[in-house]
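S.K.: Residue strings, one per chain:
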Amino acid sequence: MSVRAKSRTLHSHLDYARCDRKFFIYLIFFLGILLQNCAPTRFVKPLAKNQNAISANLGGPLIHFGKAVTPIPFTSLMYGRGITNSTTAFASVHTTALLFGNFQTDLGVCQRLYKHDSLKFGITINPALNMIYDKWNKNFRAWPQLDVNIYKDILKDKAFVYIGLTNWFELSSKKAHNEVQKNHALINPHIGMTYNTKKWGYTLECKFLQMNKKNIPNIVDYVGIQQRGAIGIYLNFTRRF
Amino acid sequence: MIFFIKNTHHQNSHADFHFERSREAASQKTMKRVQGDIKVIMFFVLLLFSSCLRLDDNFYNLEDKITEYKLDNYTGEQDFILDNSYHIADSLIHHFTLSSKGSQDNNATTIHAIYIGSISKIQTDTVIMYCHGNKWHMDFYWQRAKLLAHTSGKNKYGVLMIDYRGYGLSEGKPTEDGLYADVDAALQWLKLKGLTNNRLMIYGFSMGSAPACELTNKPRSMAPSKLILEAPFASADVMANDASGLNMPGSFFSNLKIDNAEEIKTISQPFCWIHGTNDNFLNINTHGEVVFKNYHGIYQEAHRISGADHGEIPAKMGFTNYVNTLSIFIRK
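Residue numbers (my numbering), protein chains in the order written: chain A, 1 to 241; chain B, 1001 to 1332.
Derived from the structure by calculation, the hints contain no laboratory data. Treat the hints with care, since some could be wrong.
Straight-line Cα separation of at most 30 Å, DSSO-like style, residue types lysine-lysine; simulated pairs [claimed, not checked]: (1) B:K1173 with A:K135; (2) B:K1173 with B:K1121; (3) A:K138 with B:K1218.
Quick look at which bits of chain A chain B covers, simulated, 3 or more residues with Cβ under 8 Å [what the hints assert, rightly or not]: (4) 48-59; (5) 146-156; (6) 178-189.
Non-contacting residues of chain B with respect to chain A, defined by C-beta distances greater than 12 Å in every case (computed) [claimed, not checked]: (7) S1022; (8) Q1104; (9) A1113; (10) S1120; (11) T1124; (12) D1125; (13) N1155; (14) L1169; (15) G1172; (16) T1196; (17) S1251; (18) A1302.
Small disclaimer: the values here were computed from a predicted structure and weren't measured. Glycine included, each C-beta is placed from N, C-alpha and C at the ideal position.
Let's have the full structure, built from the sequences with the hints guiding it.
M.R.: So this is what it looks like as structure tokens:
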């Protein structure tokens, strides 16, 4: 192999991989890139009893797109209702998924486990069930999810910051072609902040998706940390009534 | 008194009237809410069933457009460039078009093909049908085709390569059925020139592993006698599994039916698999190893190329070693 060929190979290799990935990103990104990570935590703090809320979410994992870095624009809509002052039930529809012929929903509750009034912080959990059905091949999948959050009120209770874990569980022991499914828990730490007005809530959340999984080799060019997982950015707009 | 009673009666009937009205209003409100809910549900149901966005088209990488085939004069990006010792005489390079018509096509599509070797010797030569990957066009794969033309010696075997519909100068739009129809059109041409099944080898690189597997498993015009797969992918399901980390089916994003991992199970012809251990595009463990493991035919051999990424196998193996490996397999 000539020197010219070697040098060309090295240079072209990077371009080759990047270019093909760019196309495969489209192919995979929608659901492949983690349908499980297409929304922020549904509720960090429960609603008041009988209070209702609807919210719209936008955002997803960051990927390299050409020379830029961009979040994948997943969208979903959610409705929640306060059952008690410490329990809120919610249901969502994933609108981006819908456009591709997949009905995806997550149904669950937000339960406050602990609240400290003077220190203004609390602990909540969100057990939920994520379900996806595709109209094309009639495939159905369901994954349990458990989000755990610790929040702290700030700015005279107008806002709160939170940290937590979004956990997805794969119950199947097999994956495609009867291969053994080794990953059964996908743990995604997140950090976020919500600012509330009288009727509206605005949330910005950042997740470290699939931190326990190497992101190469893979066909999606994720932006991760030390070749692990992917960083996700999410926006959430909530209207309470 | 009568007046009082009348008045009371009037007051009662007035209260009843108000009660009825508020009940009616409440019932109307509930009805409106239910109707609103039904509308919202109907909207989502309609959206679900009217949605047709799929990512299939993006499977095909047609980014680099060309107006003519330049072959050795092509200066665009390539995986490697061979030196002059791999030169092919112009008289042995044949560029022509084929007419391809699949079962789902109303009209035939014109596709471009290049044959390396002497066409008159097809009736006695061994021929490698090279099915290229999902990227670009034959100019990009020209060096690879030239390299294959050196298997067992310069121009010992003929090599046929095509641009699938939509690729390079070939007409039309790529589809999964089109891939199979186009490769079959090439095989029809070879058959017409006198090639027999026992001298036909089929080689699939990356996406090209799909038509190579399909037409070996379910032969149309010709049945290849041996199958070679370089960096094959297993299936859309594996792509979805890899990307999500979950047991997620490929049908959630694509209608592609390509499933080499299943197709290989019923292939009996001898099979040679080559895959780079550093393939950052199609993981050797989740794609290549699964295809290799699922083969139950009469003979199989594996070449795991240490440190090679997706497009690097011939260069990492060394060109001589690469053609020798193929030569030994074909001659077996």
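S.K.: For every hint, state whether the structure bears it out.
M.R.: Quick rundown of the hints versus the structure:
Straight-line distance between C-alpha atoms of K1173 (chain B) and K135 (chain A) comes to about 25 Å, which keeps the hinted pair within the 30 Å bound. For a cut-off of 30 Å, the pair hint linking K1173 (chain B) to K1121 (chain B) is broken: about 33 Å separates their Cα positions. Distance restraint check for K138 (chain A) and K1218 (chain B): the Cα-Cα separation of roughly 26 Å lies within the 30 Å cut-off, and the hinted pair is therefore satisfied. Coverage of the region 48-59 of chain A by chain B is violated. Counting CB-CB distances below 8 Å, 0 residues qualify, and the rule asks for three or more.
Given a C-beta distance limit of less than 8 Å, the hint that chain B covers the region 146-156 of chain A is violated, as 0 residues qualify and 3 are needed. Counting residues of the region 178-189 of chain A whose beta carbon lies closer than 8 Å to any beta carbon of chain B gives 4, which reaches the threshold of three, so the coverage claim holds. Even its closest Cβ contact with chain A, about 21 Å, leaves S1022 (chain B) beyond 12 Å, as expected for a residue assigned away from the interface. Look at Q1104 (chain B): its CB is around 17 Å from the nearest CB on chain A, clear of 12 Å, so calling it non-interface holds up.
Distance check for A1113 (chain B) against chain A: the nearest CB is about 23 Å away, which clears 12 Å, and the non-interface claim stands. S1120 (chain B), annotated as away from the interface, keeps every beta carbon of chain A farther than 12 Å; the closest lies near 33 Å. With a closest Cβ-Cβ approach of about 33 Å to chain A, T1124 (chain B) is found to remain outside the 12 Å limit, as its non-interface label requires. For D1125 (chain B), the requirement that its beta carbon stay farther than 12 Å from each beta carbon of chain A is met, with the minimum near 28 Å.
Against the 12 Å criterion, N1155 (chain B) stays outside the reach of chain A, whose nearest CB is about 21 Å from its own CB. Even its closest Cβ contact with chain A, about 20 Å, leaves L1169 (chain B) beyond 12 Å, as expected for a residue assigned away from the interface. Non-interface call for G1172 (chain B) relative to chain A: holds, since the shortest CB-CB distance, roughly 18 Å, exceeds 12 Å. No Cβ of chain A approaches the Cβ of T1196 (chain B) within 12 Å, the least distance being about 34 Å, so the stated non-interface status holds.
Chain A draws S1251 (chain B) into its interface by the beta-carbon criterion, the shortest separation being 4 Å against a cut-off of 12 Å. Its beta-carbon lying about 17 Å from the closest one in chain A, A1302 (chain B) satisfies the requirement of being farther than 12 Å from that chain.
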